[in-house]
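J.: So the sequence lines, in the order shown, correspond to chains C and V. Here the first sequence is numbered in numbering that gives the first Met the number 0, starting from 0 and rising by one per residue. Here the second sequence is numbered in numbering that gives the first Met the number 0, starting from 0 and rising by one per residue.
By construction, these hints were calculated from the structure, which means they are not laboratory data. Even glycine gets a Cβ: it sits at the ideal position worked out from N, Cα and C. Be aware that a few hints might be false.
With a Cα cut of at most 25 Å, we get these calculated DSS-like pairs of lysine-lysine [said to hold, decoys possible]:
1) LYS248(C) / LYS125(V)
2) LYS37(V) / LYS181(V)
3) LYS105(V) / LYS249(C)
4) LYS105(V) / LYS248(C)
5) LYS53(V) / LYS153(C)
6) LYS103(V) / LYS249(C)
7) LYS104(V) / LYS248(C)
8) LYS105(V) / LYS166(C)
9) LYS125(V) / LYS249(C)
10) LYS80(V) / LYS153(C)
11) LYS247(C) / LYS243(V)
12) LYS207(V) / LYS181(V)
13) LYS166(V) / LYS238(V)
14) LYS70(V) / LYS153(C)
15) LYS80(V) / LYS53(V)
16) LYS153(C) / LYS56(V)
17) LYS28(V) / LYS200(V)
18) LYS247(C) / LYS14(C)
19) LYS153(C) / LYS37(V)
20) LYS126(V) / LYS249(C)
21) LYS248(C) / LYS126(V)
22) LYS6(V) / LYS37(V)
23) LYS70(V) / LYS92(C)
24) LYS207(V) / LYS56(V)
25) LYS166(V) / LYS237(V)
26) LYS243(V) / LYS92(C)
27) LYS103(V) / LYS166(C)
28) LYS126(V) / LYS247(C)
29) LYS104(V) / LYS247(C)
30) LYS104(V) / LYS166(C)
31) LYS166(C) / LYS238(V)
32) LYS166(C) / LYS80(V)
33) LYS37(V) / LYS166(V)
34) LYS70(V) / LYS166(C)
35) LYS15(V) / LYS53(V)
Chain C residues, not near chain V, derived (Cβ > 12 Å throughout) [what the hints assert, rightly or not]:
36) LEU25
37) ASP33
38) TYR40
39) SER63
40) ARG64
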Amino acid sequence: MFSRLKKKLLNTTDKLLPALAILILLAVWEIVSDTGIVPKYMLPSPVEVAQAFVTDFPLLLENSRTTLIETFVGLFAGIGVGFLFAVIMDMFKPIRKALYPLIVITQTIPPVALAPLLVLWFGYEMTPKVILIVLIVFFPVAVSLLDGYESADKDTISLMRSMGATKVQIFRYVKFPGALEQFFASLKIAVSYAVVGAVISEWLGGFQGLGVYMTRVKKSYAFDKMFAVIFLISALSLLLMFGVNLLKKKCMPWDKRN
Amino acid sequence: MSKLEIKNVSFSYDGKTDIIKDINLSVEKGELISILGKSGCGKTTLFNVISGLKRPKTGSVIIDGEDVTGKPGHISYMLQKDLLLPYRTIEDNVALPLILSGTKKKAARQAVQDGIRRFGLDGTQKKYPGELSGGMRQRAALLRTYNFSGEIALLDEPFSALDTLTKGEMHSWFLDVMSEIKLSALFITHDIDEAIFLSDKICLLTGKPSSITDIIEIKRPESHKKDFSLTPEFLEYKKTITEKLFVENTADMC
Numbered sequence: 000m001f002s003r004l005k006k007k008l009l010n011t012t013d014k015l016l017p018a019l020a021i022l023i024l025l026a027v028w029e030i031v032s033d034t035g036i037v038p039k040y041m042l043p044s045p046v047e048v049a050q051a052f053v054t055d056f057p058l059l060l061e062n063s064r065t066t067l068i069e070t071f072v073g074l075f076a077g078i079g080v081g082f083l084f085a086v087i088m089d090m091f092k093p094i095r096k097a098l099y100p101l102i103v104i105t106q107t108i109p110p111v112a113l114a115p116l117l118v119l120w121f122g123y124e125m126t127p128k129v130i131l132i133v134l135i136v137f138f139p140v141a142v143s144l145l146d147g148y149e150s151a152d153k154d155t156i157s158l159m160r161s162m163g164a165t166k167v168q169i170f171r172y173v174k175f176p177g178a179l180e181q182f183f184a185s186l187k188i189a190v191s192y193a194v195v196g197a198v199i200s201e202w203l204g205g206f207q208g209l210g211v212y213m214t215r216v217k218k219s220y221a222f223d224k225m226f227a228v229i230f231l232i233s234a235l236s237l238l239l240m241f242g243v244n245l246l247k248k249k250c251m252p253w254d255k256r257n
Numbered sequence: 000m001s002k003l004e005i006k007n008v009s010f011s012y013d014g015k016t017d018i019i020k021d022i023n024l025s026v027e028k029g030e031l032i033s034i035l036g037k038s039g040c041g042k043t044t045l046f047n048v049i050s051g052l053k054r055p056k057t058g059s060v061i062i063d064g065e066d067v068t069g070k071p072g073h074i075s076y077m078l079q080k081d082l083l084l085p086y087r088t089i090e091d092n093v094a095l096p097l098i099l100s101g102t103k104k105k106a107a108r109q110a111v112q113d114g115i116r117r118f119g120l121d122g123t124q125k126k127y128p129g130e131l132s133g134g135m136r137q138r139a140a141l142l143r144t145y146n147f148s149g150e151i152a153l154l155d156e157p158f159s160a161l162d163t164l165t166k167g168e169m170h171s172w173f174l175d176v177m178s179e180i181k182l183s184a185l186f187i188t189h190d191i192d193e194a195i196f197l198s199d200k201i202c203l204l205t206g207k208p209s210s211i212t213d214i215i216e217i218k219r220p221e222s223h224k225k226d227f228s229l230t231p232e233f234l235e236y237k238k239t240i241t242e243k244l245f246v247e248n249t250a251d252m253c
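The shape of chain V in the complex, shown without the other chains (with noise of 0.2 Å):
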């Protein structure tokens, strides 16, 4: 059974035009699907439907072989920006999803230092968000979506803030960390590089409405996994890619 499958999804604002239209997906335990599309493709709208924050015209998503259209509350959702409350500490952010489910603040403290350490965010439990660099804001925030759901998650852009140095360091981490949790996802990004190098497959949604017009399995050497972005493959990949979007995108603008 698949973790999450998402049938036959379209969803608009008005009722007329379609945002997305016939989206089907589905993604495997521990596998990394990205869905790479430019900006005003619906990929967040995609995401809202999938977490249950709106509810899609027509179709289905299902979690764990359980229909939850239109409720939220059952997959982990990461944002662009960190969104740490500002005026909670590290570990009191990062313990958030324990607590609003019933956990006493203490025993929820308890059981978040192992990610702590995990992360790489050991000494920074007593801190605010605020005395954090944006790298590790993001791994707090990935740890507080870690900590919802350890099964799927759902992360909109979440390295795009970053300047392009931590941004290669976070990709690296990412890999690492997601190996070590295997965790399942969702990954939208409009980074073509950033796709290749983290995804086991990628599903290009352009169109207008938005569709999955292809998908796209990554195999990546084993003997190459640190330097990836560099081997011919990626090249290989990167130009496949790019002339998908180019063809699709001057046929019907998205």
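In isolation and in its complexed conformation, chain C is listed as follows (with noise of 0.2 Å):
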């Protein structure tokens, strides 16, 4: 009894300490931005960005609405390409040893570095934002699942092939559950990636979406639509990695510790 209130107090101060934090990193942005300490027109103060937001509003929904289909398509196809090679590479492990160091060094590309090329190849049209976020999406999924399928306990496997299960039985009721664990992970990171890439490649080029907004806003100077839509995009990235958490939590009901 004592100890269940004890931890219901631990809890609650965990939650409002980093709440308390925030709050009181907002009031010395605002007291900053208030006295002139930093000139208005380059730190417009937190209120005056929260008013931008809401006489933007319509605009910021209009554009969020571009930038989340391209990361959602862009997050499904990557999260698709990457188990579908994670699978074929488990299967057959010639082709493990062939493409395994190949995906690493296309991970040292900065995938920045990628997007003007993309949007030479391919346009100013979703394409080419769609691509670059399967190759950010790609590279965590394929690995994460790569290891959840290796660290499959081996006894577990042989006492499977004791009782005649195949290949694929092996797959779907050890290996695959197996790896889900580090596969949610990888896509809690992935996610926040997927968002921030749409945004780094409509930068570059295309028509509509928060990119594009911002690049917009940027040459108008208007820092506090700036502010406005960063908070957006950090807001938005948190909502998916919400998503991510429940997702987990309905696809590993064993697991207890969420």
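If you follow the hints, you should be able to join the two separate chains into one complex; please do so.
T.: What follows is the structure, encoded as structure tokens:
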């Protein structure tokens, strides 16, 4: 009874402390901006940012829609490709040996450096954005799944074999569910990267999207709107990560830690 | 006809040094035979051969008159670790053998309910292995083994990871269940007490390469089924086995 109370208390302080830190940060920001320590036109106060967010809300919403569609299409395609690669590489060891170093090397190329090329190749529509996101998402998904498959318990696999399980059954009942933990960990990172990837490729050319909005408000030195869109992007990333957590809970009911 | 017959089985990993040599053994219906030997004697290797996971150098494994040498999927196998899949509920875990052989999930779940009750696992159907105690998990693992084949099972030190008190409890439970379900079993252990308490026969696996050097038949006095381990007969068996293991082990260290 007492320990439960204590735990609850700890839980609230766990949530209270970061909230307090954010509040203090916002307050300092407000003061710095209002007193003119940093000029208003360079650093609008949080209140002004909020106001800009409200006035531009319909526009932001419309642009978010484009960015989110790109993100989701890229995300799903990237997960699909990553999953496929991981399965093939797990099933056929020579392919794994041949491809693994290549995949690692491709990861040393910053995706941002590829974005202009993709625009040149595929134009200003959605295609280059989706491709960039696929490239970003593919790697963490493929590697985490592959490591997950690898880490499957050898004795469990022997036991499954002794029960006459086929390769596909072993994959379905042992390897795949065993890799979910790592998969979701990497997916959490992948979703926020995907949002950022969409925005960056929109910077380089496009007709709509938060990245396009950003370049537009930047050109007009609308700092308040700039901050508004930055916060919106981070809020979207957070929301997606939250979604991944929900999905994880749904997909892994045996995991009692969360 | 014997349930399981093992004829002249030898096995080596590199083709030269035998790990086990000329193993001959047969298990009759409802019989429980223990294989007793020190760690590293090749007990588990022998089981891998019998289960078909490894192909022997020579010899054959015959189940119900059918030669199944090197073919997995004919005999159920249970290991020291329960190896329940952590991401499946208990009922889905014990139903796994049925699902693997093509039964639909719903029908498989239905089919295992009776066994769940019989094995004293009622109420754990929807729980995950992580929520159960070691003893209960081991029961579930045994039920899964039984659901694969109710005929004959290989049990590789199934109780050795349990604490002494739980182990004692599990032994009496195991004997009750065995006599009820009439399972034939080969049982690996390095625990002499456990072997005497549970088995109908004990095979001593000694030497290098290991072979069966002695078969001791255990006669449990009817009047002392539960407290067999406290009877003078029990101690007599223990003395015989210890002497044999000791003498043979000094002759050629296993």
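J.: Are the hints correct? Go through all of them and say.
T.: Status of the hints after comparison with the structure:
Note on LYS248(C) and LYS125(V): the hinted pairing holds, with a Cα-Cα distance of about 17 Å set against a maximum of 25 Å. For the suggested pair LYS37(V) and LYS181(V), the alpha carbons sit about 28 Å apart, so the restraint of at most 25 Å is broken. Our distance criterion of 25 Å between C-alpha atoms is met by LYS105(V) and LYS249(C), whose separation comes to about 21 Å. Distance restraint check for LYS105(V) and LYS248(C): the Cα-Cα separation of roughly 23 Å lies within the 25 Å cut-off, and the hinted pair is therefore satisfied.
Of the pairs offered as hints, the one joining LYS53(V) and LYS153(C) holds, with about 14 Å between alpha carbons and a cut-off of 25 Å not exceeded. For the hint linking LYS103(V) to LYS249(C), the alpha-carbon distance of about 23 Å falls within 25 Å, and the restraint holds. Taking the CA atoms of LYS104(V) and LYS248(C), the gap is about 22 Å. The hint holds against a cut of 25 Å. Between LYS105(V) and LYS166(C) the CA atoms are separated by roughly 23 Å; this keeps the pair inside 25 Å, and the hint holds.
As the CA atoms of LYS125(V) and LYS249(C) are separated by approximately 16 Å, the hinted pair is consistent with the 25 Å bound. For the suggested pair LYS80(V) and LYS153(C), the alpha carbons sit about 12 Å apart, so the restraint of at most 25 Å is met. The hinted pair formed by LYS247(C) and LYS243(V) fails the criterion: a straight-line CA distance of about 57 Å is larger than 25 Å. Under the criterion of a C-alpha separation no larger than 25 Å, the hint pairing LYS207(V) with LYS181(V) is inconsistent with the structure, at around 34 Å.
For a cut-off of 25 Å, the pair hint linking LYS166(V) to LYS238(V) stands: about 22 Å separates their Cα positions. Note on LYS70(V) and LYS153(C): the hinted pairing holds, with a Cα-Cα distance of about 19 Å set against a maximum of 25 Å. The suggested pairing of LYS80(V) with LYS53(V) holds, with an alpha-carbon distance near 20 Å, which does not exceed 25 Å. For the given pair, LYS153(C) sits about 23 Å from LYS56(V) by alpha-carbon distance, which is consistent with the 25 Å threshold.
Taken as a hint, the LYS28(V) and LYS200(V) pair is honoured in the structure, with Cα atoms around 13 Å apart against an allowance of 25 Å. The suggested pairing of LYS247(C) with LYS14(C) holds, with an alpha-carbon distance near 21 Å, which does not exceed 25 Å. Between LYS153(C) and LYS37(V), the direct Cα distance comes to roughly 23 Å. Compliance with the 25 Å bound is thereby established for this hinted pair. Pair hint LYS126(V) plus LYS249(C) holds up; C-alpha atoms about 16 Å apart against a cutoff of 25 Å.
Pair hint LYS248(C) plus LYS126(V) holds up; C-alpha atoms about 16 Å apart against a cutoff of 25 Å. In summary, the hint linking LYS6(V) to LYS37(V) is supported, as the alpha carbons are separated by about 22 Å, within the 25 Å threshold. Taken as a hint, the LYS70(V) and LYS92(C) pair is honoured in the structure, with Cα atoms around 24 Å apart against an allowance of 25 Å. Taking the CA atoms of LYS207(V) and LYS56(V), the gap is about 16 Å. The hint holds against a cut of 25 Å.
Taken as a hint, the LYS166(V) and LYS237(V) pair is honoured in the structure, with Cα atoms around 18 Å apart against an allowance of 25 Å. Between LYS243(V) and LYS92(C) the CA atoms are separated by roughly 48 Å; this puts the pair beyond 25 Å, and the hint is violated. The hinted pair formed by LYS103(V) and LYS166(C) meets the criterion: a straight-line CA distance of about 19 Å does not exceed 25 Å. Proximity of LYS126(V) to LYS247(C) is assessed by CA-CA distance (about 19 Å); at most 25 Å being required, the pair is judged to hold.
As the CA atoms of LYS104(V) and LYS247(C) are separated by approximately 23 Å, the hinted pair is consistent with the 25 Å bound. Under the criterion of a C-alpha separation no larger than 25 Å, the hint pairing LYS104(V) with LYS166(C) is consistent with the structure, at around 19 Å. In summary, the hint linking LYS166(C) to LYS238(V) is not supported, as the alpha carbons are separated by about 48 Å, beyond the 25 Å threshold. A distance of roughly 22 Å separates the Cα atoms of LYS166(C) and LYS80(V); the hinted pair therefore holds under the 25 Å criterion.
With a C-alpha separation of about 19 Å, the suggested pairing of LYS37(V) with LYS166(V) holds against the 25 Å cut-off. Using a Cα cut-off of 25 Å, the hinted pair LYS70(V) and LYS166(C) holds, with the two alpha carbons roughly 15 Å apart. For the hint linking LYS15(V) to LYS53(V), the alpha-carbon distance of about 16 Å falls within 25 Å, and the restraint holds. At the 12 Å boundary, the C-beta of LEU25(C) stays outside the reach of chain V, the nearest C-beta of that chain being 42 Å off.
Chain V leaves ASP33(C) outside its interface by the beta-carbon criterion, the shortest separation being 54 Å against a cut-off of 12 Å. Listed as outside the interface, TYR40(C) is consistent with that label: its C-beta sits roughly 56 Å from the nearest C-beta of chain V, beyond the 12 Å cut-off. Remark: the non-interface label on SER63(C) is consistent with the geometry, its nearest Cβ contact in chain V lying 36 Å away (cut-off 12 Å). Even its closest Cβ contact with chain V, about 36 Å, leaves ARG64(C) beyond 12 Å, as expected for a residue assigned away from the interface.
Of the hints listed earlier, those the structure fails to meet are numbers 2, 11, 12, 26 and 31, in rising order.
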